[in-house]
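Q: Each chain, written out:
Protein chains: 2
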Amino acid sequence: MTVSRRATGPGRARGRGVPDATVARLPLYLRILRALAEQGTSTVSSEELAAAAGVKSAKLRKDLSYLGSYGTRGVGYDVAYLVYQVSRELGLTQDWPIVIVGIGNLGHALANYGGFASRGFRVAALFDADPRRVGELVEDHEVLPMGELAPVVGELGAAIGVIATPAGAAQGVCDRLVAAGVRSILNFAPAVLAVPDGVAVRKVDLSIELQILAFHEQRNAVPGPVPDGAGSGPGELVQTGRRSRA
Amino acid sequence: MTVSRRATGPGRARGRGVPDATVARLPLYLRILRALAEQGTSTVSSEELAAAAGVKSAKLRKDLSYLGSYGTRGVGYDVAYLVYQVSRELGLTQDWPIVIVGIGNLGHALANYGGFASRGFRVAALFDADPRRVGELVEDHEVLPMGELAPVVGELGAAIGVIATPAGAAQGVCDRLVAAGVRSILNFAPAVLAVPDGVAVRKVDLSIELQILAFHEQRNAVPGPVPDGAGSGPGELVQTGRRSRA
DNA sequence: CGGTCCTTGTGAACGAACGCACAAAGTCGC
DNA sequence: GCGACTTTGTGCGTTCGTTCACAAGGACCG
Ligand SMILES: NC(=O)c1ccc[n+]([C@@H]2O[C@H](COP(=O)([O-])OP(=O)(O)OC[C@H]3O[C@@H](n4cnc5c(N)ncnc54)[C@H](O)[C@@H]3O)[C@@H](O)[C@H]2O)c1
Ligand SMILES: NC(=O)c1ccc[n+]([C@@H]2O[C@H](COP(=O)([O-])OP(=O)(O)OC[C@H]3O[C@@H](n4cnc5c(N)ncnc54)[C@H](O)[C@@H]3O)[C@@H](O)[C@H]2O)c1
Numbered sequence: 001m002t003v004s005r006r007a008t009g010p011g012r013a014r015g016r017g018v019p020d021a022t023v024a025r026l027p028l029y030l031r032i033l034r035a036l037a038e039q040g041t042s043t044v045s046s047e048e049l050a051a052a053a054g055v056k057s058a059k060l061r062k063d064l065s066y067l068g069s070y071g072t073r074g075v076g077y078d079v080a081y082l083v084y085q086v087s088r089e090l091g092l093t094q095d096w097p098i099v100i101v102g103i104g105n106l107g108h109a110l111a112n113y114g115g116f117a118s119r120g121f122r123v124a125a126l127f128d129a130d131p132r133r134v135g136e137l138v139e140d141h142e143v144l145p146m147g148e149l150a151p152v153v154g155e156l157g158a159a160i161g162v163i164a165t166p167a168g169a170a171q172g173v174c175d176r177l178v179a180a181g182v183r184s185i186l187n188f189a190p191a192v193l194a195v196p197d198g199v200a201v202r203k204v205d206l207s208i209e210l211q212i213l214a215f216h217e218q219r220n221a222v223p224g225p226v227p228d229g230a231g232s233g234p235g236e237l238v239q240t241g242r243r244s245r246a
Numbered sequence: 001m002t003v004s005r006r007a008t009g010p011g012r013a014r015g016r017g018v019p020d021a022t023v024a025r026l027p028l029y030l031r032i033l034r035a036l037a038e039q040g041t042s043t044v045s046s047e048e049l050a051a052a053a054g055v056k057s058a059k060l061r062k063d064l065s066y067l068g069s070y071g072t073r074g075v076g077y078d079v080a081y082l083v084y085q086v087s088r089e090l091g092l093t094q095d096w097p098i099v100i101v102g103i104g105n106l107g108h109a110l111a112n113y114g115g116f117a118s119r120g121f122r123v124a125a126l127f128d129a130d131p132r133r134v135g136e137l138v139e140d141h142e143v144l145p146m147g148e149l150a151p152v153v154g155e156l157g158a159a160i161g162v163i164a165t166p167a168g169a170a171q172g173v174c175d176r177l178v179a180a181g182v183r184s185i186l187n188f189a190p191a192v193l194a195v196p197d198g199v200a201v202r203k204v205d206l207s208i209e210l211q212i213l214a215f216h217e218q219r220n221a222v223p224g225p226v227p228d229g230a231g232s233g234p235g236e237l238v239q240t241g242r243r244s245r246a
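Protein chains in written order, with our numbering: chain A, 1 to 246; chain B, 1 to 246.
Keep in mind that the hints were calculated from the coordinates and are not lab data. Here a beta-carbon is modelled for each residue, glycine too, at the ideal position from N, C-alpha and C. Check each hint, because a few of them may be wrong.
Stretch-level coverage of chain A by chain B, calculated; a stretch enters the list once three of its residues show a Cβ under 8 angstroms from a Cβ in chain B [as the list claims (entries may be wrong)]:
| no. | stretch |
| --- | --- |
| 1 | 62-69 |
| 2 | 132-146 |
| 3 | 211-221 |
Part of the chain B face toward chain A, derived, beta carbon under 7 angstroms [said to hold, decoys possible]:
| no. | residue |
| --- | --- |
| 4 | L90 |
| 5 | T93 |
| 6 | P97 |
| 7 | I208 |
| 8 | I212 |
Construct all of the structure, not just a fragment, from the sequences and the given hints.
A: Structural data, given as structure tokens:
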């Protein structure tokens with residue numbers, strides 16, 4: 001199915017073929033590393049970093065080893081240097097303009113959200129199909145009509161698009177984003193999107209998250225004693241218990 | 001490590017030990033099944049359902065097989081019956097009151113969101129620490145002060161809590177929710193939560209999603225040709241390509 | 001009522017991810 | 001400069017998840 005992943009097996013060469021599960025955790029490590037840097041910590045061990053991230057230290061070390069050998073045995077990792085390396089691997093050394101389509105409840109919250117800029121993302125344009133929304137000023141951006149989507153995306157060179165429209169409109173919006181040149185989409189609408197090859201989609205579905213929690217509520221309620229731990233990783237169903245630090 | 005999962009290996013007994021990966025997909029199947037039911041479809045094959053969900057039919061069949069044998073060979077699955085069975089497995093036959101803490105940008109959007117009720121979830125109470133927010137009326141709910149959290153959660157019997165506060169306040173809010181009796185938490189704040197055993201946490205982190213997309217943007221941009229597909233499931237890094245429809 | 005066709009359910013092979021445990025590598029004290 | 005100590009990086013076994021491929025089960029037709 002995939003063409004040529006996994007360069008050299010488990011010990012794949014530096015930078016090539018970082019496993020999906022690892023990629024999904026890197027942003028978490030990065031956030032913690034940045035916090036450590038900000039509070040003046042210059043060095044951190046895999047044990048400490050792993051504890052802060054809620055993973056086992058061996059997993060963390062293996063994750064980092066896919067990027068290269070950036071640690072010092074007997075000491076740990078240099079925080080600033082690791083921040084740089086992880087950022088580079090994730091492509092955060094550059095600026096990513098993003099566009100948001102569907103400026104309703106959720107779209108407004110997203111547009112107002114300050115957590116983007118700090119990570120190299122920049123809300124560059126907002127779009128909505130409703131004429132009453134168009135022209136509205138949200139966080140120093142004017143809401144633009146859908147007709148402007150293609151030209152503006154092209155001009156900005158925006159590669160990432162966020163869909164915050166109702167589910168029924170999502171596929172149509174997605175098609176227009178793709179046609180305009182967007183190749184990565186973050187979808188908040190509860191809909192399965194069909195996209196051509198080469199376009200990446202990630203979805204955030206609140207309702208699904210709640211249903212998964214409901215499942216565990218029911219599970220823990222029915223049998224009686226035994227809670228139940230779960231695996232780890234991005235597919236980790238639920239965290240159950242986590243002590244320690246930071 | 002875990003106490004007694006996986007009852008009988010791959011062929012585990014009905015209802016016992018549904019794999020995490022499967023549980024994470026059931027809500028998606030359920031949504032599609034409900035849509036089919038609404039449009040009058042009474043029967044669906046694994047092939048059709050899988051296509052609508054964006055998974056392989058074998059995976060879908062195996063997922064459903066963990067719930068029992070609810071299909072009819074040569075025909076497919078009865079939509080209404082399957083909706084019931086999946087709902088039951090997920091614990092959606094009962095009503096789940098949820099509380100939201102932190103009624104800022106995101107909290108407002110969540111409180112206004114209509115997609116909850118339709119799935120058996122009901123926003124039962126809103127809380128905020130800011131005195132200026134307290135008393136505000138959001139979607140027929142008055143925002144309550146944090147002091148009310150424990151008694152109200154207890155009275156409502158709310159088992160699910162949503163955290164939409166700034167990251168710095170998340171752990172404290174989490175502790176209070178747990179102390180009040182909440183055993184499932186959906187966390188929107190970019191923070192790793194420490195919880196006692198038996199409490200389930202799921203996180204939704206926008207910033208992480210965007211960074212994963214950035215990674216793939218960079219990946220696809222640098223090497224040149226080969227796009228790159230990925231696995232499937234909740235841990236699926238990105239969807240890449242997906243044809244067809246519903 | 002028997003044959004044919006269709007779709008499910010699953011055994012088994014494969015692959016990805018995790019965790020253990022340890023050797024290699026470097027630091028620090030003396 | 002040497003030895004003891006600390007922590008990384010990773011080989012290996014295990015678990016979990018996905019995919020293939022097919023036999024078994026049932027509907028439907030004649
Ligand atoms: N509000 C939430 O907290 C929340 C939570 C989870 C998921 N969601 C999902 O996010 C999406 C948006 O939710 P919301 O509450 O903001 O809804 P909303 O109705 O407030 O906003 C939707 C916006 O999309 C615009 N729109 C509709 N069709 C469009 C089109 N074809 N092109 C461009 N814009 C279009 C509408 O004009 C509106 O402004 C929905 O799919 C919802 O299910 C929302
Ligand atoms: N706005 C978004 O679109 C968005 C997107 C992704 C993630 N987030 C995250 O969601 C969280 C909320 O974001 P927001 O934009 O709504 O922020 P916000 O500042 O608008 O709202 C935060 C709310 O939490 C309340 N609060 C603060 N401390 C509290 C405490 N100890 N107890 C109870 N309430 C408290 C504040 O009074 C405020 O009303 C943040 O962690 C943010 O990183 C927001």
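Q: Now, for every hint given, state plainly whether the structure supports it.
A: Quick rundown of the hints versus the structure:
| no. | hint | result |
| --- | --- | --- |
| 1 | 62-69 | violated (count 0) |
| 2 | 132-146 | violated (count 0) |
| 3 | 211-221 | holds (count 10) |
| 4 | L90 | 5 angstroms, holds |
| 5 | T93 | 9 angstroms, violated |
| 6 | P97 | 11 angstroms, violated |
| 7 | I208 | 4 angstroms, holds |
| 8 | I212 | 6 angstroms, holds |
Against the hints set out earlier in the document, violations occur for numbers 1, 2, 5, 6.
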